[in-house]
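Chains as they are written, first to last, in the working numbering: chain A, 1 to 423; chain B, 1001 to 1423.
If you are wondering where the hints come from, they were derived from the structure by calculation, not from laboratory data.
Please read all numbers here as calculations on a predicted model, not as lab measurements.
The reader is advised that the hints may include incorrect statements.
What the hints assert, rightly or not - Short derived list, chain A residues pointing at chain B, Cβ under 8 Å:
no. : residue
1   : Met97
2   : Leu161
3   : Ala165
4   : Gly169
5   : Gly178
6   : Ile217
7   : Arg231
8   : Tyr239
Ideal Cβ placement from N, Cα and C applies to all residues, glycine included.
There are 2 protein chains.
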Amino acid sequence: MVESKNNKDMLGRSSLISVQQALDIFLDHLAGIKVGTQSIVVTEAFDRVLAKPIHSPVDLPTEARSTMDGFAVRAVDTFGASQSSPCYLNISGEVKMGEAPLGDVKQSCCYKIPTGGLLPSGADAVVMLEQSVPVDDTMIEIVGGVGSGVNVIARGEDIGLGEEALAAGRLLRPQDIGLLAGMGIAEVTVHKKVRVGILATGDEIIAHTEAPKPGQIRNINSLALAGLVLRAGGIYTDYPIVSDREEIFLPALQQAVQENDIVLFSGGSSVGVRDLGEHVIQALGPPGILVHGVTLKPGKPVLIGMSDTTPIFGLPGHPVSAMVCFDFFVRPAMASLCGQLRQAELPAPWVEARLTRNINSAAGRRDVVRVKLMKKDDIWYAEPILGKSGSISTLSRADGYFQIDEDSQGVTENTAIKVYLYT
Amino acid sequence: MVESKNNKDMLGRSSLISVQQALDIFLDHLAGIKVGTQSIVVTEAFDRVLAKPIHSPVDLPTEARSTMDGFAVRAVDTFGASQSSPCYLNISGEVKMGEAPLGDVKQSCCYKIPTGGLLPSGADAVVMLEQSVPVDDTMIEIVGGVGSGVNVIARGEDIGLGEEALAAGRLLRPQDIGLLAGMGIAEVTVHKKVRVGILATGDEIIAHTEAPKPGQIRNINSLALAGLVLRAGGIYTDYPIVSDREEIFLPALQQAVQENDIVLFSGGSSVGVRDLGEHVIQALGPPGILVHGVTLKPGKPVLIGMSDTTPIFGLPGHPVSAMVCFDFFVRPAMASLCGQLRQAELPAPWVEARLTRNINSAAGRRDVVRVKLMKKDDIWYAEPILGKSGSISTLSRADGYFQIDEDSQGVTENTAIKVYLYT
């Protein structure tokens, strides 16, 4: 078990840890905690996470089939056939789509067969139409011999009876649904969607549909975070905005913890509000606060804790910071809770671009820099969008971001960088 | 207007064109054709495509705010202040969250202010808590001077009244929804979701829930294509499986064309079935067939046509081919029909990996090679999955694919390649 540290600095603030340390600590606490499962029809299973492995109940294809239009043959009959030395076969039958061929292919005979047609008994290969010349209605000339199995997909070649088709933890992509359909599997057991409760806190926050009085500010975070939850495959409950006072905030958070698998709250970024966030997470019982801020910009003041088995994230109030923290911490927590494997382990894909100006960073801190992409002379350039982390428009103008790692003090103009797109 | 070519080769087959030529031809025909629009609340607008530009109805923030915990000051009063030569200010007030500050900040005075607090009248900057030392309850020592505007987000700095916030054609991402909320926009006009009709044709095809008799095959394509439609932001209708006979297929296709914005059919890959596909597309009226196959593997036999304003795609029967054609042709058609801008123009992100073996390709053809990614010593390797395009399990085992372009005859082992992930 990785231990969280609770060292405080001279101003009484908790010491920061790196993004990776934070992930290690809380994913370690989440190990073994999973949301429940449910059985659903495959037509609804797209983008869900498989809870149990699937073994094929059939050989797929169920019978050998032709992969070409042509003639089903005994390969041995075509041995050595070429343009200069063709062989001749009698057309003794025809395979029709969707039907079992009658009879079997005897020596020096062949059946006409369409792509996908079931290979008739006796035949073990298919000669493509292009390698044949009709002699008359009953005979063809073969100008290219084939080996056994050529232009045929064998029984069970796609997937064999009993073979593991899909592992538990697989996020079901369109092709996985296709494979399930091919095997005749109509229902699968998947993890339930992760329920994420979203709370906005702050005496100054009002609903986006209300008109702000002086000092009030519309709720940006709840809507933006809801979109991120949906994109990560979860479902959300958007709770009413609550006050920063403990007697109101604590019971509201407690209720959200009872009703969800993960709870996010985002509030002001002032020290007082952050202290209250720490306090209420602790008040909801062990293990309590796990992470008191990270060496990440924007996103430094993030709080990560747990009440029993429910992760609680205290996201910074600034929208850009809140969304960066979602990507770095909440998304992996959601994947962990439904046991998502494999794809979660793959690297995040990127686009290469050249930075349009120098960007400085402090060593020991990871910086997330929003960029706009522009193409010039077939080269992509990334223009940093400089703006305060309270400015949501900077994130809306961004096509993606790049990272400056903890061990770097900046990136110079024209450097090739990896831009991760906001999709 | 780019003209489609209908040249036939010696075997009477239509000549193939490149993927790019095919895209140019049919996207040119689609220019100006758009699905309708609808007004929806922003909480439902995630992943929808904006039909009209949004201009900000407000200055955001509506008033200047502090971005730090500290003291709202007149910057001029702090000029030159430092550790060795501090200045002293009287604390004459305090800003509370969600409230308009009373009075104004007079010379040599300051107000206590939290992050996000509204800047009081008279003040033009904020001194961070860390740059101040309390003298007593009514006075602080400032050990770092600030210039005007420091630690303040100005009125309209995020986005100004009347400024274009989001362009028409923008796919609304979580941060765009956040920006809309911040501006107090509760409803937006978006394009309707593109309706895609999916038809499986073939006398041998049965529903995935049925037990196949010899020669029959379960319907893989309709389910896999439905997943791809959802992922591309559309909605689908899965029509009953129809026979390859014209008198059944033609009216079924006609009905689907009337009821959808795009129609996909996938059928057998035999020449006869393909000819029928060409014939029925032509029979549904001009412009008719636009593309008779492309130099793409897998996916060569794809048919692209239009009946009046409705694109019709005759996808190959092999599942892998059908899905590759969806990615290359149907997805761009869906984006075009809802006027999706910008993100559609960005490059597809990739992961760099080293190829584990030599892969040959024919010049003049684009190859799409499925790969599995594996990490060894911190390097990602891409192992090609070799298998027939009728084998859906090859696509399910794949993490992504790479392309071998028309002008290449193959890629050698250990070459660094761009792998596009199947997400």
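* Violations among the numbered hints -> Hint check: 2, 4 and 8 fail, others pass.
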